[in-house]
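Q: The sequence shown begins at 1 in full-length UniProt numbering and counts up by one.
Hints are supplied without guarantee of correctness; some may be wrong.
Claimed, not checked - Okay, derived cross-link-like pairs now, EDC-like style, lysine to aspartate or glutamate, Cα gap no bigger than 16 Å in a straight line: (1) K367 / D162; (2) K157 / E138; (3) K338 / D301; (4) K367 / E94; (5) K232 / D286; (6) K368 / D162.
Said to hold, decoys possible - Pairwise CB distance ranges, derived in the manner of DEER restraints: (7) H270 / L230: 22 to 30 Å; (8) E305 / Q277: 16 to 24 Å; (9) D319 / D161: 40 to 48 Å.
Keep in mind the hints are simulated off the structure, nothing from the lab. Quick caveat, the model's predicted, so the values are computed rather than measured. Cβ atoms here follow ideal geometry from the backbone N, Cα and C, with glycine treated the same way.
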Amino acid sequence: MCTDQQGADAEYRSCPLWLVCTHRGSTTQSEAGLTAGEHSSSGGQQMDIPQGVLDCERAQAEQAEGPPLTFQNEAVVISGRKLAQQIKQEVRQEGEEWVAAGNKRSYLSVVLAGENPTSHYSVLNKTKAAADVGINSETIVKPASISEEELLNLINKLNNDDNVDGLLVQLLLPEHIDERKICITVSPDKDVDGFHVINVGRMCLDQYSMLPATPWGMWEIIKRTGIPTLGKNVVVAGRSQNVGMPIAMLLHTDRVHEHPGGDATVTISHQYTPKEQLKTHTILADIVISAAGIPNLITADMIKEGAAVIGVGINRIQDPITAKPKLVGDVDFEEVWKKAGYITTVPGGVGPMTVAMLMKNTLIAAKKVLRLEDQVVLKSKEIGVATN
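Starting from the given sequences, assemble the full structure and let the hints guide the process.
A: Here is the structure:
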């Protein structure tokens, strides 16, 4: 994949099922990862989860099973896993209806180059999700020594394969390969990552497009949780082309057009924004999204009471006490959730949503939705009908 994530008691009692409501007292959360040998792609190729990734997952599970934390105030922890499961069920149902109507089953091709353990683990998650929702998939594994020309030729071959509906090239790629060139070579109609310049441009113009999976996943978290955005202040920490900029675009655009729009006032910070200046913005924000990849960048003193805090960045560090690998987010979860109205976890927050939205994009690609919309737009222009 071209991819580098309150109020009144009555309000809490009416929380959707994918929200975990925590009250005064204590709670524990267990984050279960895949185990080695759990999945092989439908293309028939077995891939083992790298030991380093398993060690990190086990360390995280041990951490989650440790002493329960006590919280001063009520908080709502958004379960990305449960919400992603709901979306995958919707995709499965829609996909089965598509097949029952006489269409072929959706097909996803994943290209993986190199031996990066995180990339291998990520691909396993995606192909497993595809199987769960009834999407056929294949994983094409190439060595790190593959030339850029060879990879481009492979992508063009898959672009022209009518059996392939969705195509993603897993990042990170070997250093000698230009990732941007790879991303724009994938056909926009098959670009389930939503990284092609045509899809990005259409998104910026409030038109139908393949939305980038992680920003779309965050948008679905906000929408399905019922977090208001109209006229609200939002801070996005991080301006990456795949996460920070797209979610800022989705949140500030007009909701009356084709793709989602939050009608929020959005401030974007980046690596050159001094932390004290960042704090002057986050303390006023109704929604804080951190996609900076900096451990514990967002602390409790930086947010206002009741704010929604969504952490996208995931960072692997060494636990200073146990010396074991540990996954932490951009948000100081243990302190921030005492103050925030809504908060996501790392892992288990935005990550599962990314995979779920990739499955949804694959089904969209199979239905040729974007091609049909293009035909409608072209026909409308021919007869002089406005499309926006």
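Q: State for each hint whether it applies.
A: Here is how each hint holds up against the structure:
Between the alpha carbons of K367 and D162 the distance comes to roughly 12 Å, so the proposed pair stays at or under 16 Å and holds. The suggested pairing of K157 with E138 holds, with an alpha-carbon distance near 14 Å, which does not exceed 16 Å. Taken as a hint, the K338 and D301 pair is honoured in the structure, with Cα atoms around 11 Å apart against an allowance of 16 Å. A C-alpha spacing of about 11 Å is found between K367 and E94, which places the hinted pair at or below 16 Å, so the restraint holds.
Our distance criterion of 16 Å between C-alpha atoms is met by K232 and D286, whose separation comes to about 6 Å. As the CA atoms of K368 and D162 are separated by approximately 12 Å, the hinted pair is consistent with the 16 Å bound. Take H270 and L230: their Cβ atoms lie about 26 Å apart, and the range 22 to 30 Å holds. One distance hint, 16 to 24 Å for the beta-carbon pair E305 and Q277, holds here, with the actual separation near 21 Å.
About 46 Å separates the C-beta atoms of D319 and D161, a value consistent with the hinted range of 40 to 48 Å.
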